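As they're listed, the protein sequences go chains A and B. Per my numbering, the very first residue in the first sequence carries number 1; after that it's consecutive. Per my numbering, the very first residue in the second sequence carries number 1; after that it's consecutive.
A portion of the hints provided could be inaccurate.
As the list makes no split between identical chains, a pair holds if one copy fits it or if it spans any two.
Said to hold, decoys possible - Straight-line Cα separation of at most 25 angstroms, SDA-like style, residue types lysine to any residue; simulated pairs:
no.	residue 1	residue 2
1	Lys14	Thr98
2	Lys23	Leu109
3	Lys82	Leu125
4	Lys174	Glu128
5	Lys41	Arg122
6	Lys14	Ala147
7	Lys174	Thr8
8	Lys101	Ala43
9	Lys101	Arg72
10	Lys85	Arg150
11	Lys174	Val132
12	Lys23	Pro176
13	Lys127	Gly175
14	Lys174	Ala137
15	Lys174	Leu125
16	Lys129	Gly175
17	Lys174	Asn152
18	Lys23	Arg76
19	Lys41	Arg57
20	Lys127	Asp181
21	Lys14	His133
22	Lys14	Asn152
23	Lys14	Pro176
24	Lys120	Asn172
25	Lys129	Phe169
In short, the hints are calculated from the structure, not lab data. Nothing here was measured: the structure is a model prediction, and the numbers come from that model.
There are 2 protein chains.
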Amino acid sequence: MKEDRKNTAAEILKAARQLFYEKSYEAASTREISARVGISKAALYHHFRNKEEILFRICLEAADELVDNMRRAIARNVASGKPLKEQLTDILIEYLRTYLKNENFNKILFHDMEYLPEDKRRIILDKEKENVHQLRAFLISLMDQGAIRRINPTVMTFSLISSLHWLYFWYNPKGPLSLEDVAQEIADLFLHGMLAR
Amino acid sequence: MKEDRKNTAAEILKAARQLFYEKSYEAASTREISARVGISKAALYHHFRNKEEILFRICLEAADELVDNMRRAIARNVASGKPLKEQLTDILIEYLRTYLKNENFNKILFHDMEYLPEDKRRIILDKEKENVHQLRAFLISLMDQGAIRRINPTVMTFSLISSLHWLYFWYNPKGPLSLEDVAQEIADLFLHGMLAR
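With the hints as constraints, model all of the structure from the sequences given.
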């Protein structure tokens, strides 16, 4: 029974994410969401107080997943003792996979997060900060070890994250570059720079 | 007289940009825009057919300015014969200045451009493509000269542009880093890479 409840909630979130993506949070109704799941509107309200709570849960799950996956990817690579390039590539691939997996999240994030009340929006923004913070801490530890140069760590962290986030606008999964190709190229660019030797 | 007309139109665009930024395109009315300028609603409609035309003109002006400034910055630097690092830094600074000068444009772009009809949105997106295209062409010419490495030029172009665009989310003009500092650090990072020698 409890498992059923959880599955229905997950299905509601999935349908809502798709619907918010297709027609925006504002235009989507809980009636449409429940219709997609094949349940009554009353059943939907059994799981979520209102549409705003659904939006909050969508944002929270995507933000949590990114923070958790990145934390694990950093820890796994630090422990591996592999060459730095392999470590960074692995971390970038993890980032890209998590980020692009929740592709519609980006549009929802940019367009719809403003509909959340201040306190809930704050929780999501804090998760994003945590994501930035742990990557920045990893880069600073590499600087302290002398593995990478002392470039302003904030600039470095945001440049890396920006290159990954912005993929949403230009990367075509059906194009010639696989996700792994892109991660390899980005890691190569950031590690070795543009200049010819 | 003609000059007056032009000034009023510019003032309307400026007030609208500020208002769209503060309360979103949807929530702002032409009545409020005209009140800010200190003209009647009828006078506003003398200059613009409707609110949508105002939004389109705001997007078009910002996109045009970026494309034009970047074209000039690239041409000026190619002609200068200066060291590549100075060229790239100068181009990045130009990009950042233009981009951050139209700061509210970013929010309008992400949130409000969807309110433009398909044909007008296409015109703005084509300008953005032109912006990407001319930077990419510049980078490819540097690859052809052997000045920079043959990393996938699309990945390189978008990584650079992303690092600049995303500044909007994290850069605080009142913080310790000036715009020039940030441009220097980004240029250094992209040219020389993260790795210690």
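Hints, verified against the model:
no.: 1; hint: Lys14 - Thr98; in the structure: within (16 angstroms within a copy, 40 angstroms between copies)
no.: 2; hint: Lys23 - Leu109; in the structure: both (14 angstroms within a copy, 18 angstroms between copies)
no.: 3; hint: Lys82 - Leu125; in the structure: neither (33 angstroms within a copy, 42 angstroms between copies)
no.: 4; hint: Lys174 - Glu128; in the structure: between (28 angstroms within a copy, 22 angstroms between copies)
no.: 5; hint: Lys41 - Arg122; in the structure: neither (29 angstroms within a copy, 38 angstroms between copies)
no.: 6; hint: Lys14 - Ala147; in the structure: neither (42 angstroms within a copy, 48 angstroms between copies)
no.: 7; hint: Lys174 - Thr8; in the structure: neither (31 angstroms within a copy, 47 angstroms between copies)
no.: 8; hint: Lys101 - Ala43; in the structure: neither (28 angstroms within a copy, 49 angstroms between copies)
no.: 9; hint: Lys101 - Arg72; in the structure: within (17 angstroms within a copy, 39 angstroms between copies)
no.: 10; hint: Lys85 - Arg150; in the structure: both (17 angstroms within a copy, 18 angstroms between copies)
no.: 11; hint: Lys174 - Val132; in the structure: between (29 angstroms within a copy, 20 angstroms between copies)
no.: 12; hint: Lys23 - Pro176; in the structure: neither (29 angstroms within a copy, 41 angstroms between copies)
no.: 13; hint: Lys127 - Gly175; in the structure: between (31 angstroms within a copy, 22 angstroms between copies)
no.: 14; hint: Lys174 - Ala137; in the structure: between (34 angstroms within a copy, 24 angstroms between copies)
no.: 15; hint: Lys174 - Leu125; in the structure: between (31 angstroms within a copy, 21 angstroms between copies)
no.: 16; hint: Lys129 - Gly175; in the structure: between (32 angstroms within a copy, 17 angstroms between copies)
no.: 17; hint: Lys174 - Asn152; in the structure: between (36 angstroms within a copy, 17 angstroms between copies)
no.: 18; hint: Lys23 - Arg76; in the structure: neither (39 angstroms within a copy, 44 angstroms between copies)
no.: 19; hint: Lys41 - Arg57; in the structure: within (18 angstroms within a copy, 43 angstroms between copies)
no.: 20; hint: Lys127 - Asp181; in the structure: neither (28 angstroms within a copy, 28 angstroms between copies)
no.: 21; hint: Lys14 - His133; in the structure: neither (29 angstroms within a copy, 36 angstroms between copies)
no.: 22; hint: Lys14 - Asn152; in the structure: neither (39 angstroms within a copy, 35 angstroms between copies)
no.: 23; hint: Lys14 - Pro176; in the structure: neither (29 angstroms within a copy, 42 angstroms between copies)
no.: 24; hint: Lys120 - Asn172; in the structure: between (32 angstroms within a copy, 23 angstroms between copies)
no.: 25; hint: Lys129 - Phe169; in the structure: both (22 angstroms within a copy, 11 angstroms between copies)
When each numbered hint is compared with the structure, violations occur for hints 3, 5, 6, 7, 8, 12, 18, 20, 21, 22, 23.
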